[in-house]
Amino acid sequence: MSAAIQQNATAATQTMSGAEIVLRALKEQGVEVIFGYPGGAVLPLYDALFQQNAIRHILVRHEQAAVHAAEGYARSTGKVGCVLVTSGPGATNAVTGLLDALMDSIPLVCLTGQVPTHLIGNDAFQEADTTGITRPATKHNYLVKDIKKLAGVMHEAFYVARSGRPGPVVVDLPKDILIGQGPYHEAPTAPHRSYRPQREPNPEMIAQAVKLLKGAKRPIVYAGGGIVNAGPEASRLLTEFVRLTGMPCTNTLMGLGTFPASDKQFLGMLGMHGTYEANMAMHGCDVMLNIGARFDDRVTGRLNAFAPTAKKIHADIDQSSINKNVPVDVAIIGDAGLTLKALLEAWQASEQPRHTGALADWWRQIEGWRGIQCLRYQQEGSIIKPQHAIRRLYEITQEIGRETFITTEVGQHQMWAAQYFGFDKPNHWMTSGGLGTMGYGLPAAMGVQIAHPDALVIDIAGEASILMNIQEMATIAQYRLPVKVFILNNEYMGMVRQWQELLHGGRYSESYSAALPDFVKLAESFHARGVRITRPEDLDAGIREILAHPGPVIADIAVAKDENCFPMIPSGAAHNEMILGPGQEGGVKGVTDEGKVLV
Amino acid sequence: MPDNNENKLRNATIAVLVDNEPGILARVVGLFSGRGYNIESLTVAPVDEDRTISRITIVTGGTEMVIEQIKAQLDRLVPVRKVCDLSLEGAHLARELMLIKVVCTGEQRMEALRLADAFRARVVDATTASFVFEMTGNGDKLEAFTALMRPLGLAEVVRTGVIGIARGTYSLKA
Ligand SMILES: Cc1ncc(C[n+]2csc(CCOP(=O)(O)OP(=O)(O)O)c2C)c(N)n1
Ligand SMILES: [Mg+2]
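Quick mapping for you: the protein sequence lines, in order, are chains A and B.
Taken in order, the first sequence gives residues 1 to 599; the numbers are from our numbering.
Taken in order, the second sequence gives residues 600 to 773; the numbers are from our numbering.
No wet-lab data here; the hints were simulated from the structure.
Because the structure is a prediction, the values reported are computed rather than measured.
Fair warning: there could be bad hints in the mix.
[Said to hold, decoys possible] Under the rule of at most 20 Å between Cα atoms (straight-line distance), these lysine to aspartate or glutamate pairs were calculated in the EDC-like manner:
#, chain 1, residue 1, chain 2, residue 2
1, A, K561, A, D454
2, A, K149, B, D649
3, A, K145, B, D618
4, A, K148, B, D716
5, A, K148, B, D618
6, A, K145, B, E620
[Claimed, not checked] Pairwise CB distance ranges, derived in the manner of DEER restraints:
#, chain 1, residue 1, chain 2, residue 2, range
7, B, D649, A, L43, 49 to 59 Å
8, A, Q352, B, E742, 53 to 63 Å
9, B, D649, A, P136, 47 to 57 Å
The beta carbon of each residue, even a glycine, is placed where N, CA and C say it ideally should be.
Here chain A stands alone, though its shape is the one from the complex (with noise of 0.2 Å):
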């Protein structure tokens, strides 16, 4: 046996403690970073933690912002977020993060302590049946019982948690299993047993694809998150194929930032509070590609009125998504950058003939659509407009040239301000799309300035969902980072008011955000500036400010209370049948009841 054989085999069998594996894998995989809070059944793992400085732990305040901070990591750079809490409720005030990351596809391993194994099932302090409660709300979860298997299970969780469609991954802990000792194994370099999702596109689909593209007249791009999960090259690759093909492109909500939105060929987002000419075009095209998204209902509309015309193209990692809501006509199995590559080539290889002419009459219809300028408002008067203060800061930004990351909180502030700041780049856009959960945007940008220390991270938030998780300016003071939060303070759970006034008969039931806290104090007391701003001309200094404080800060800015999102697609209509502003709303009245019992 050669010395280096002898070596590899006693370090696989090298014996060590349970919290020690753990710490040992979670550096194997790379992580640098672990969000957590500790209690009774994670101690072993966190003396373990105070004893090496290889792992980074950020105390938050509050188990479900661990989550959400680890959703801003992995998302802004790639990797798979790492979080670490107790058993019982610490595990419990995790699921809703986790659920989050589980909709929007992120790739998150959660570690969670769990009692001893032999007081499992005994209804002992702190415990909780954590990977059953856990179970619809994770890709995949593991309850280790035996030591000797907790190496082999931390590897498969990474891999489980980043391969094929990501998500988040639990594996709960026993108190016993992590202070017993056993071995630790390096992560296998053998395929995976089961879990081995397809990569690589089928030829045969993809040449499909590209004759239904050539021969399209009316063509479409309908580009998802999916393509920010297959990394930075798959945006660049969408981008080139774009401007190839000289189809136009529209983003998902979780799409944004994979074309950019300064290209003459980007419609804007699409869907319920999509742009008009993204809608229509969507509607009226007669072969759409969809790459890593899922055609999920706040993008389709009434089902049977989506886009009638049109084959249609779906291209994801995920088979289940395929076929789900939308039957289609090609279907394309594989990771977003490769398919992007393979149609690439395969257009340029192919000889098919196009319908230039089509294409140029199909553009000068979309032109017609631009032309409603749909997201035009006008400032004026003594009010500032939550659109106009999106947009400035966007402008601002934008002037002052540096990286920039938006998170956001939900409602009414998100839909603005995926409308008015645009993102040229992936992964500078966080939002929580498919659960839409408040208060998930203080920790996420938490998670992204840890990432970014350097870059300028904003939290667009509505006064309601800030207070969600406002206990995290906490964690923002003692690990000092210059988070940004930018509140559009309408003193109304906007959102929730504006269906009121459209779907029932403006009864505002509930939805007035009384008793707000002084935000200036607030900020201060939590060691943070706090500016207020109530008046338009003091909104482009008071941003600049903002922007040019070293250190955290709470803006609350006051803006019209009784604004509107607009374009909207009421539920169960269809996508041009969309109310485009104020004066419209009439057109609400023939919601039907059956659009009315839809979210």
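Use these hints to put chain B with the ligands onto chain A, whose structure you have.
Same frame as chain A, now just chain B with the ligands:
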């Protein structure tokens, strides 16, 4: 667009090879309940030499689109190794085992025995006042026999649920 075929319902017998580990059944059942798919029958048991692999047979129904969804959703569970729609892989055998208790006396006993014979049900327990019959077959046959036993003193029925296997050389391997 929506053609007539799309809303046509069919039954599917799906065989799934999975890692034999705690929680796997909960994962499969949770998937069905969480997504609103129906389960008509579900059976599971380890099938390999060292008991590391279990085979689940699920009988379900739905439109073609729903059945394709069910298979894709099953397939992406991490401990699932293979998913096979036996109803599509050509001819397959489906069998179920039933134990059925009939409590009766006199002429009804003779009638129960005669019918059991015709249906190839075996008597696996008998007292002066009862029989337990064992019977295998497809669902229709078991149901027909059960219906005949009802007026004769049917007391209890227990069924395993369907197991299925493809005819011919095709075999499902992990
Ligand atoms: C945790 C959670 N609870 C409830 C909701 C429902 N909801 C969606 S938007 C919204 C109002 C948000 O208000 P605010 O943060 O002020 O944002 P605005 O719409 O006013 O911009 C509510 C209650 C949600 N999305 N998440
Ligand atoms: Mg509000």
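Each hint tested on the structure:
1. Proximity of K561 of chain A to D454 of chain A is assessed by CA-CA distance (about 34 Å); at most 20 Å being required, the pair is judged violated.
2. The straight-line distance between the Cα atoms of K149 of chain A and D649 of chain B is roughly 18 Å, inside the 20 Å bound, and the hint therefore holds.
3. In summary, the hint linking K145 of chain A to D618 of chain B is supported, as the alpha carbons are separated by about 16 Å, within the 20 Å threshold.
4. Of the pairs offered as hints, the one joining K148 of chain A and D716 of chain B is violated, with about 55 Å between alpha carbons and a cut-off of 20 Å exceeded.
5. Simply put, K148 of chain A and D618 of chain B have alpha-carbon atoms about 18 Å apart, close enough for the 20 Å limit, and the pair holds.
6. Under the criterion of a C-alpha separation no larger than 20 Å, the hint pairing K145 of chain A with E620 of chain B is consistent with the structure, at around 12 Å.
7. Distance hint check for D649 of chain B and L43 of chain A: the Cβ-Cβ separation is about 37 Å, which falls outside the suggested range of 49 to 59 Å.
8. The hinted window of 53 to 63 Å between Q352 of chain A and E742 of chain B holds, with their beta carbons roughly 57 Å apart.
9. The hint said 47 to 57 Å for the Cβ distance between D649 of chain B and P136 of chain A, and at roughly 31 Å that hint is violated.
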